[in-house]
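> Sequence:
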Amino acid sequence: MKHDKVMNVAKKRGFLWSSFEIYAGVAGFYDYGPLGAILKNSIINKWKNFYIVKEGFYEIESPTVMPEEVLKASGHVDNFTDPMTECKECLEVYRADHIIEEMINRDVEGLSNEELTQIISEEKILCPRCGNHLTRVWNYNLMFQTLIGAKGKKTGYMRPETAQGIFIPFKRLLRFFRGKLPFGVVQVGKAYRNEISPRQGVIRLREFTQAEAEIFVNPEDKTHEKFDEIKGKMLKLYSGEVQLAEGEPVEISAGDALDEGIVSSQILIYQLYIAQKFLREIGIPDEVIRFRQHLPTEMAHYAIDCWDVEVYTERYGWVEIIGIADRTDFDLKSHTEHSNEDLRVFIEYDEPKQIKKLAIKPNMSKFGPSFKGDAPKILKVLENIDAKGVKKSIENDKMFNLQIEDNTFELLPEHVNFVEIEEVVRGEKIFPHVIEPSYGLDRIVFSVLLHTFTEDEENEREYFKLPKDIAPVEVSVFPLLNKEQLREEALKIKNDLREKGFIAEFDASGTIGRRYARSDEIGVPYAITVDHDSIDDNKVTIRNRDNLKQKRILISDIAGILDSLLKSRLEFDDIN
RNA sequence: GCGGCUGUAGUCUAGUCUGGUUAGGACUUGGGCCUUCCAAGCCUACGACCCGGGUUCAAAUCCCGGCAGCCGCACCA
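Residue 634 is where the first sequence starts when you use my numbering, and the numbers rise one by one after that.
Don't take every hint at face value.
[As the list claims (entries may be wrong)] FRET-style restraints, in silico, Cβ to Cβ: (1) Q1036 <-> D854: 33 to 43 Å; (2) S972 <-> I781: 17 to 27 Å; (3) I1208 <-> P802: 48 to 58 Å; (4) G812 <-> I1208: 44 to 54 Å; (5) Y773 <-> G812: 36 to 46 Å; (6) K1200 <-> S745: 54 to 64 Å; (7) Y949 <-> N851: 33 to 43 Å; (8) D1102 <-> L1181: 17 to 27 Å; (9) A992 <-> P882: 51 to 61 Å; (10) A992 <-> G888: 44 to 54 Å; (11) H971 <-> I1063: 17 to 27 Å; (12) D664 <-> Y949: 13 to 23 Å.
Everything labelled a hint here was simulated from the structure, so no lab data went into it.
Glycine is no exception: its CB is placed at the ideal position from the N, C-alpha and C atoms.
Just need the whole structure built from these sequences, with the hints factored in.
What follows is the structure in structure tokens.
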């Protein structure tokens, strides 16, 4: 199986291996080895080039440990959890809500664990497998819990996503961007989920790296300034509708996808497009990716449209590597409610609006003595109440009953006057919507390894055909034969290249063929070979990994040519 | 978390059933010889019984527990 070959080479040559190996390992944790760490960094750098440089977003970094309040507001403390129950006899574990819904066909969403436990015993729900009793319901939360501080009074969690770290300082970010939408903020970092039983290698980790962008937009304007440039680009879309009809994904242009209402907005399609472009540039070809829309049933309650970028893998089938969602205003709204900070944005109208409206003007000389201590509270409610309704009631019934929490206050004609006021409204405060491309970097690194792995039968070699700008080692330097004179010249060249900033490796072990094979295997795009002629003519051979072609170039030109090759300013065949 | 299968150098594997010499081989890797461009050959070195307990004079081998991997079930904001 190709999968096993890739993982074996990755382990052998220092890309990836499971963590804590000498203590037998722990499922869901992986190390990046010497080459893997460089590769991952190169991919991250390219990602930053896409999102920070080209899109103009800015990066922030926030803590991986978060206090409970944040994750309470985001819904993770309550919702990132599953009610579980276990059979007392056979120890089979079930989702408590699922088993109830299945057995007695009753919707139990939102019920507490106690209520679920009660239903299980009242309805005599037994283990479907062996017919024995089930335990009381408990919550399994997928977050790693910890305690903050020496006394351990404050509960904290390892963050389950980097996104929350961007929503929390929204007010400061908004100010940084001088109050104007749209703007984007990115964060690259670790996130943690204590999966019940992760068993898909690097596909399901308990500690993993996310690269997320949160793009804050005006809900009324989800257009994109560059949409015209990309509307002709083709995407392979697997819409919810097609999935339900059990059809096949369709190739469609960005423009048509929008016109036909398959994708909900320009900005969302634009994000799909740059995701595809990014994947292509790191060596994952279009043929193995598709965009799959979330079905209404699987969509998170806060999203109105969500597309997964999936890559085909031999072992796991289609795997989500990027999620691109329209998260709407869910998070900012929720944090506003929980924190009492106003996380809205003021949107100025093109033209100020003249608005005539009815306002309630309290008659304080009567108002104060009547309501005494409750007066301030009542005044506050009256500011935002529908004045017309109040006026109508007062005119017709000579009174208006105002409900505040559990109390009813009787508003009489003497308490209030009504005035027509005219005011200029320059804009309004709104919650921005959030478009979120979220990259699972570990899955992406794995996909890159999987899809760049090349079995070249003609030349009897297997190697990672990594794009040259993300290859961990940029150039290998060899003496043709392991002779003192050639060794010395090769070492000199290697050191010179390192001095000039290239990641260069020297190898004199075995035969020249063996050295090329080792170099190819880890995806080094170019190799320099010093032979006897080099001593006389100051020229060396440069070899192209992908087609084994060779050229002779001056030693003094190596760095310049290499730089041009790596940056794609020069094609190998055009070397003179 | 449950059940089944599996666990010997970096990799692949012999040995395990039927306990018994220094755990054998191949590939890889390091050093050397040879070699004027694609994993050749020769010499040489390094390197392993998943962990813990038990049975036994003696455990890679038998038993128990744990851990990990694979497969199935369950889970997967």
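> Flag every earlier hint the structure violates by its number, smallest first.
none
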